[in-house]
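Student: Line by line, the protein sequences are chains A and B. Take the first sequence: its position 114, counting from 1, is numbered 114 in the numbering used here, and each next residue is one higher. Take the second sequence: its position 142, counting from 1, is numbered 142 in the numbering used here, and each next residue is one higher.
The set of hints was computed from the structure by calculation and includes no laboratory data. None of the values given here were measured: they were computed from a predicted structure. Errors might be hidden in some of the hints.
Unchecked claim - Listed next, the in silico DSS-like pairs over lysine-lysine satisfying Cα-Cα at most 27 Å (straight line):
| no. | chain 1 | residue 1 | chain 2 | residue 2 |
| --- | --- | --- | --- | --- |
| 1 | B | K83 | A | K35 |
| 2 | B | K83 | B | K29 |
| 3 | B | K29 | A | K35 |
As the list claims (entries may be wrong) - Far from chain A, by Cβ distances over 10 Å, these chain B residues were calculated:
| no. | residue |
| --- | --- |
| 4 | M1 |
| 5 | A30 |
| 6 | G34 |
| 7 | L42 |
| 8 | V78 |
| 9 | T89 |
| 10 | D131 |
| 11 | T151 |
| 12 | A160 |
Note that beta-carbon positions come from the ideal geometry of N, C-alpha and C, so glycine has one too.
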Amino acid sequence: MAWTAPMTAVATQVWTASAFNTHVRDNLNETAPAKATTDGSIFTVTAANSINDAPMLQSTVAASETTTSTTFANLTTVGPSVTVSVNTAATVIFGCQMSNSSVDTTALMSVGIYDVDTGSELTAPSDTWCQQNDGSPANSVERGMVAHRFTGLTSGSYTFQAKYRVGAGTGAFSERYLFVIPA
Amino acid sequence: MTAVANAVFTAAEYNSYVRDNLLETMPAKATTAGRWFVATGLNSIAERQIATNTVDTSETTSSTSYTNLTTTGPAVTVTTGTKAMVFITAQMTGHASEATVETYASYEVSGATSSSATDARAIVNDVGANDNRISVGSLHTGLTAGSNTFTMKYKCGTGAANPHTFLRRTITVMAL
């Protein structure tokens with residue numbers, strides 16, 4: 001049942017079971033303790049007078065793997081990736097340790113959004129929201145992070161997955177992590 | 001209140017202990033999808049915003065003190081308590097002739113709070129003409145509660161005589 005603005009009691013008014021059920025029981029069922037399901041979750045607003053329990057999830061891939069792809073692609077070990085339910089936005093924090101075998105050449109990590117059922121790409125990874133290392137000298141290693149907030153989402157469940165590319169040369173990526181704050 | 005057997009439950013008590021307490025809960029205070037809730041003190045909560053803004057344009061400065069670029073920002077304005085989580089991201093390039101001169105991006109706070117950009121919360125790049133894109137996150141404390149504007153600022157390191165470049169600049173603030 002949805003939230004109802006609590007009634008204002010009037011002296012000598014009969015307090016009915018229906019009034020209790022609407023204004024006390026059903027409203028209490030809309031509060032955070034009633035909605036809480038998962039340790040470590042946060043509470044987010046889904047609409048006026050409506051909240052939900054939103055778990056924050058993280059995925060990591062430690063393995064150092066390489067690519068020569070100049071368009072965003074998976075590494076041998078796909079990911080990291082997280083499937084999470086969101087309302088209209090999600091803040092994604094991701095990063096890794098990266099290098100490029102060629103001097104003055106970029107290695108990039110970005111995140112795309114994918115359909116949970118079909119795996120089809122809904123939002124492509126982009127240089128606009130990437131971690132980038134422009135190696136000088138060759139094979140110089142940097143570990144960093146990027147925070148990016150995806151907005152304008154339709155409420156539902158999505159898979160957020162990291163992908164990688166290089167400007168040229170061979171990029172190496174390790175200690176890869178991604179976590180999603182579903183807000 | 002604690003109920004007592006056979007005590008009359010008055011309208012006034014209902015209004016204080018049921019109605020008014022329910023009006024302090026999250027569903028009563030929830031207004032806008034995408035926001036979240038934080039505690040503001042003992043027995044008190046508030047709905048807070050998570051805001052982000054981006055300026056993709058590539059622009060330059062040779063200033064050695066924090067300054068705006070041609071396109072100021074990005075900036076976001078949110079209502080906060082005394083804290084906020086702030087993430088800034090930028091792709092930055094130094095100058096080929098200044099291989100050891102750093103490039104910095106930080107942020108300032110204005111509005112209820114006045115806090116200048118500092119190196120302590122800056123992204124720093126030190127690779128000459130090569131460009132990296134990374135973020136820095138801060139739990140900013142000591143804010144004055146109220147409407148605060150967070151604006152990215154930029155500078156070059158000591159000895160810079162040539163322009164350094166900044167693009168794909170993003171700020172995300174999670175108000176607490």
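Student: Taking the numbered hints from earlier one at a time, note which ones the structure violates and give those numbers from smallest to largest.
Tutor: Hints 5, 6, 9 and 10 are the ones this structure does not satisfy, whereas the remaining hints hold.
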